[in-house]
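These are the residues of each chain, in order.
Number of protein chains: 2
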Amino acid sequence: MPVNSPLPIPSQLLPVKGIQLGFTQAGIRKADRKDLLVMKLAPTATVAGVFTANRFCAAPVQVCKSHLSATAVKSSLPIHALVINTGNANAGTGESGLAAANATCDALAKFLGCEAAQVLPFSTGVILETLPVDRLIAGLPSAIENLTEDNWYHAAEAIMTTDTQPKAASRQITIRKQTVTMTGISKGAGMIMPNMATMLGFIAMDVKVTQPVLDQLVKEACNRSFNCISIDGDTSTNDSFILIATGTSSLEITDTGSAEYDELLQAVVSLAQELAQMIVRDGEGATKFMTVTVEEGSSIEECRQVAYSVANSPLVKTAFFASDPNLGRLLMAIGKAGIADLDVALVDLYLDEVWVVKQGGRHPEYQESDGQRVMKKSEITTRILLNRGTASATVWTCDLSHEYVTINADYRS
Amino acid sequence: MPVNSPLPIPSQLLPVKGIQLGFTQAGIRKADRKDLLVMKLAPTATVAGVFTANRFCAAPVQVCKSHLSATAVKSSLPIHALVINTGNANAGTGESGLAAANATCDALAKFLGCEAAQVLPFSTGVILETLPVDRLIAGLPSAIENLTEDNWYHAAEAIMTTDTQPKAASRQITIRKQTVTMTGISKGAGMIMPNMATMLGFIAMDVKVTQPVLDQLVKEACNRSFNCISIDGDTSTNDSFILIATGTSSLEITDTGSAEYDELLQAVVSLAQELAQMIVRDGEGATKFMTVTVEEGSSIEECRQVAYSVANSPLVKTAFFASDPNLGRLLMAIGKAGIADLDVALVDLYLDEVWVVKQGGRHPEYQESDGQRVMKKSEITTRILLNRGTASATVWTCDLSHEYVTINADYRS
Chain D
0 MPVNSPLPIP SQLLPVKGIQ LGFTQAGIRK ADRKDLLVMK LAPTATVAGV
50 FTANRFCAAP VQVCKSHLSA TAVKSSLPIH ALVINTGNAN AGTGESGLAA
100 ANATCDALAK FLGCEAAQVL PFSTGVILET LPVDRLIAGL PSAIENLTED
150 NWYHAAEAIM TTDTQPKAAS RQITIRKQTV TMTGISKGAG MIMPNMATML
200 GFIAMDVKVT QPVLDQLVKE ACNRSFNCIS IDGDTSTNDS FILIATGTSS
250 LEITDTGSAE YDELLQAVVS LAQELAQMIV RDGEGATKFM TVTVEEGSSI
300 EECRQVAYSV ANSPLVKTAF FASDPNLGRL LMAIGKAGIA DLDVALVDLY
350 LDEVWVVKQG GRHPEYQESD GQRVMKKSEI TTRILLNRGT ASATVWTCDL
400 SHEYVTINAD YRS
Chain R
0 MPVNSPLPIP SQLLPVKGIQ LGFTQAGIRK ADRKDLLVMK LAPTATVAGV
50 FTANRFCAAP VQVCKSHLSA TAVKSSLPIH ALVINTGNAN AGTGESGLAA
100 ANATCDALAK FLGCEAAQVL PFSTGVILET LPVDRLIAGL PSAIENLTED
150 NWYHAAEAIM TTDTQPKAAS RQITIRKQTV TMTGISKGAG MIMPNMATML
200 GFIAMDVKVT QPVLDQLVKE ACNRSFNCIS IDGDTSTNDS FILIATGTSS
250 LEITDTGSAE YDELLQAVVS LAQELAQMIV RDGEGATKFM TVTVEEGSSI
300 EECRQVAYSV ANSPLVKTAF FASDPNLGRL LMAIGKAGIA DLDVALVDLY
350 LDEVWVVKQG GRHPEYQESD GQRVMKKSEI TTRILLNRGT ASATVWTCDL
400 SHEYVTINAD YRS
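Chains as they are written, first to last, in numbering that gives the first Met the number 0: chain D, 0 to 412; chain R, 0 to 412.
Read the hints as simulated data drawn from the structure, not as lab findings.
A few of these clues could be false.
For lysine to aspartate or glutamate, the following EDC-like pairs were computed, each having C-alpha atoms within a straight-line distance of at most 16 angstroms [said to hold, decoys possible]:
(1) Lys64/D - Asp214/D
(2) Lys29/R - Asp133/R
(3) Lys375/R - Glu364/R
(4) Lys16/D - Asp149/D
(5) Lys357/D - Glu94/R
(6) Lys357/R - Glu94/D
Everything numeric in this text was worked out from a predicted model, so none of it was measured.
Start from the sequences, fold in the hints, and give me the full structure.
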């Protein structure tokens, strides 16, 4: 059961002109589940992405990067389709894995009448096992057959792995009196950590955005959403966040310095944050949604470092799971964050509105009963003030429960 | 139940001339358990220590550092006694915590007829709570009353927190035809990570070692033992490893370049590794003892970085708990270690003697049944070859089980 994250309502997921989605059951790993998704884009579309920082990045990630950089060079070859499979990550598979990812692109390109370099492949699932590329390719015609603009909910279901529910949301904003519609989906529940969170995320919008502007937009949006979450501190081999501007409206964004760019960025960040938070709310075994905010640091980097040290600490996470205000563990996690010159005598800490630590020690008026009251909630904000600068950062995470161990001790069975 | 770690046998723990140990039940946190230990040293003793890198280092750690540096300056004030309490870490306690640690030293100094600066205080337990210093001081006379050289087993019991059994071992070696006897104790079961592992470790030996030589010896021994373990990647506020040379034998080590120094170092490292591994074997909820060795790296630092990335990965640890050869998770953990220029196409990986990954991909002859066979063992070595240099490093860790969550969700209750 995700934490305060109701199921998306299919009728509230808005179609985005210029992108069609088709899915099927290809039997990649298990029978009777949607595991293959195709997205087909209008010829006017631009596409940009951010990918995992894991050095063992999967074969499809390598192919995506190569095809996207070819697009950038040869604008005559815009990205025309995306293909996503679950059940197998095609990572740690060496040369044969690369061949399988390329064969997938070749096959889809033939079916759609474009070049292989116009296809982006994505995989998620078990690492170090051979992708059953024949079954994948055999499934493509059936996925292509049901391509439609209305399939966002099914698409969100088709990319699930250990997710307990599909993740999808839409936004509509008005820029220069024109309506911009955007819809996104995401997946991911474990192996979640920044750079990037282990996840797939796709957002499409019907505005026209030039390639360099979209490249900038996807990075900014990712840094403020998917790169601010953690479930277990592990970083997957397959993380990908893709932003698609289908270019089907007459509105065009060509300048990152414009007011229109800012308005679009705000909307994309808002949608990306919702999708990213859905991943945390559905984190493996999650029972609590935790916001960790670090303020008054000397740099954003050090604020993120402290926030992640807290968010990834198993002892902090188990205390939250237990609703136990064992808040000394928060100090431990701040202290071990690796800020060599941190003066802990300046640190203040709040749990929601409760002032727990003042100048590095227990606040004289702090009562355990107040900490206990906050810890019982399902959503809790830990606010840490370093009192040494003006920078701040926020990270979203979840607790560590028995269910996390159960899920990850059984994942492949 | 610790992993392959039988209870120490009291009669095999050798007294070390020049150090007496006394314990009592002071009721620091819970009734009816030994929670206070006093060690009294011969006037000839030298003492050196290594302490936590956590910026929120506890009040007793601050006092220890100050008293040890005073010793170094004024050799007329050698360390005369150590006092250790469990049940309360005296960390995150600000100025009043410092006052409590100093009051402890004052009181013990008065009882023993020395100066407060000749006493080293240690605490372990809950963070952010006030140390009940009155109960601690009230317990000192009873601990002093039973000071004897034979109390090592009781001493090991007296410093336990979530440990399921006491940790102690002895060594006897011959240097220059003289017998050197050393005995050590350790504690720690969670909040364990390098710099330092969350733990207390004390080793005493009856040799005479000059202060600068002992300072070097404690660092070298720590780097090859307590700084090579991890249970959960968290770093405590109170870690301390103390090496005591009681100076009661006629053998004196005065030169770090001598053969005698090397012989002594080997013995201390061997004992410290055994004590450190006892901590891992008794790791909270541990069911497996894992050795992670990284070889052929370009520096020891990068080997340690990769080894810790694997050792601390929750997904790796849960796979080991499940005896599931889901070995792609090992690649994930190698890839996320932060080695920016790592060429994964050079990486080989062995599980015990089974060659799993060759040149970055699944070895063509690797059979899951072989991986399964190794994963079922209670002691497993993961050997990673980076094939880019000559450096190597080893880290010892344990798996992540349901029991870890249970223990840490209940620790304070």
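Hint check against the structure, violated hint numbers in rising order: 3
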